[in-house]
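K.L.:
Each chain is listed here by its residues.
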Amino acid sequence: MTATLETTVLSTVDTAVELAGVRKVFGHGSSAVVALDGVDLKVRPGEFVCLLGASGCGKSTLLNIVAGLDGATSGELQLNTSRPAVMFQEPALMPWLTAARNVELALRFAGVGRLARKRRALELLELVRLGDVADKRPHELSGGMRQRVALARALASTTVSADGAPALLLMDEPFAALDAITRDVLQSELLRVWETTNTAIIFVTHDVREAVRLGQRVVLLSSRPGRVVREWDVTSSSDTVLDEINTHLREVISGHAV
Amino acid sequence: MATPSDTLDKVGAGLDALDVPVEAHRPPIWRRFLKTGVPPIIAFALLLGVWQALWASAILPEFQLPAPVNVWNELVRSISTGEAFEVLWTSLHRAVFGFVAAVLIATPLGLLVAKVRVVRAAIGSLLTGLQSLPSVAWVPAAILWFGVTPSTIYFVVLMGSVPSIANGLVAGIDQIPPLLPRVGRALGAGRLASARHILLPAALPGYLAGLKQGWAFSWRSLMAAEIIATSPQLGVGLGQYLHNGSSLNDINMVIAAIFLILLVGIGIELLLFRPLERAVLRARGLTGAL
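Line by line, the protein sequences are chains P and V.
Residue 205 in the numbering used here sits at position 205 of the first sequence, and the numbers go up by one each step.
Residue 1124 in the numbering used here sits at position 124 of the second sequence, and the numbers go up by one each step.
Check the hints yourself; a few may be wrong.
The following label-pair restraints were derived from C-beta to C-beta distances [to be verified]:
(1) Asp1174/V / Thr247/P: 42 to 52 angstroms
(2) Leu1034/V / Ala116/P: 45 to 55 angstroms
(3) Pro1178/V / Glu195/P: 29 to 39 angstroms
(4) Leu1270/V / Ala180/P: 46 to 56 angstroms
(5) Thr73/P / Glu1269/V: 47 to 57 angstroms
(6) Arg23/P / Ala1101/V: 51 to 61 angstroms
(7) Gly1014/V / Arg230/P: 50 to 60 angstroms
(8) Ala1279/V / Thr247/P: 26 to 36 angstroms
(9) Glu1269/V / His206/P: 45 to 55 angstroms
If we take Cβ atoms under 7 angstroms as the criterion, some of the chain P residues that face chain V in the derived model are [as the list claims (entries may be wrong)]:
(10) Arg83
(11) Gln89
(12) Ala92
(13) Pro95
(14) Trp96
(15) Met145
(16) Ser157
(17) Trp194
Since the hints were derived computationally from the structure, they do not count as laboratory data.
Glycine is no exception: its CB is placed at the ideal position from the N, C-alpha and C atoms.
With the hints as constraints, model all of the structure from the sequences given.
P.N.:
Have a look at this one:
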């Protein structure tokens, strides 16, 4: 399958995403809540970064800002990528469309022609090993299969740009609602897809094990307001790193005990 | 020796095999007929039996409660002379024409009310209120405005069905899970593309319910208009046929007309809306109520 995917041209730019001092405040006056407070983050093209944090650390807010679904209150966001693709905790497939049509939808919005759309959708479904169920509708698929269709759709929306900008995939706890075995399989599936497509991924999770297994780099965010606490390079993951991250995460959370 | 990723691939393949949906086995056609076709036939036969018994007991005079066979003869007469088809055609083409016009007006109206806050605040409750106003109440005004002309009839039909269809669409859009339009935005859909590829299809079940109700309202509004606004230049529709029966004190004709009106209502429901609704719900896996 590797040959059929046109991987993005290696760009001369060495950052795909750059956030500088991003601040996000919800509400006004005394009831205002600071969700993000001066977040700096750089992601290289093709890099797999996991954002780790407890509830209320603004992980999802950060992702929404990068996705363009939400605006930052202040700070700067620079994207050197094609349109970022987003995957949510729920697959959010259109229930009236078949798996293939769901993937095609992303391409249709980008103005890709009918035939090219069909071919590309099938390629992407093959990539997530769902070529056989292309004509099934979401309600006929299992939770794990639906999430893979969502992955194929997200990939479709990020790899369409013709200018060769690197692709970017934003994932908001995409496997949190799945059972343990399915999650395990999907994690390895995602790694395989990532290696094949050379897409930069920002993956939000609250599961330390998942973050260490998937990411090249783990970024720990504090809660309320969200700030970057520490970063770990986890390319050569070991149990000591896992324990260290766990300790730090616990510290961040227990800091909120009254 | 298998690598860990090979083992996981196998687990994944196993999961997929277990998850592949099992094709539902459809019962043979005679059994489905037995389940869905026979009960209404029995109910109808029972109704006829009660009617016949009531008539035979002669509690009510013949001009109030006719014998079933006399009504049947009236139906056969009007069908054999071609009168029934003429009357049905006059009414049906009015109803269909009025309904199509109502759909064309109500769909953009519903979209506006659902998506533009000012419009909703301005006419949202008016639209809901109009639904509870019997459209026959418009007949006197319409006669004063348009005279006894087809315009009067179409006006009443539109006032009956437009609010239902528009409200159905609004309800359908209000019930769309907010994640779907969000996904659309994330995939790069503009406002128009989002309306066409996400909002409208997602609202289809509610829209369809509105269409169904809109049809029922336009059919009954039409009957009301035809019964009240009778004139030679309008031609004879089902309503006029019913009106004529009443003027002639011919209870057979009156009951026959009611049967024909019912027949159209049930026929359109069974031939058009039921299959449409089934197809839409089945495609979304909402087969619980079927």
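K.L.:
So, against the hints stated earlier in the document, which numbers end up violated here?
P.N.:
When the structure is compared with the hints, numbers 7, 8, 11 and 17 turn out to be violated.
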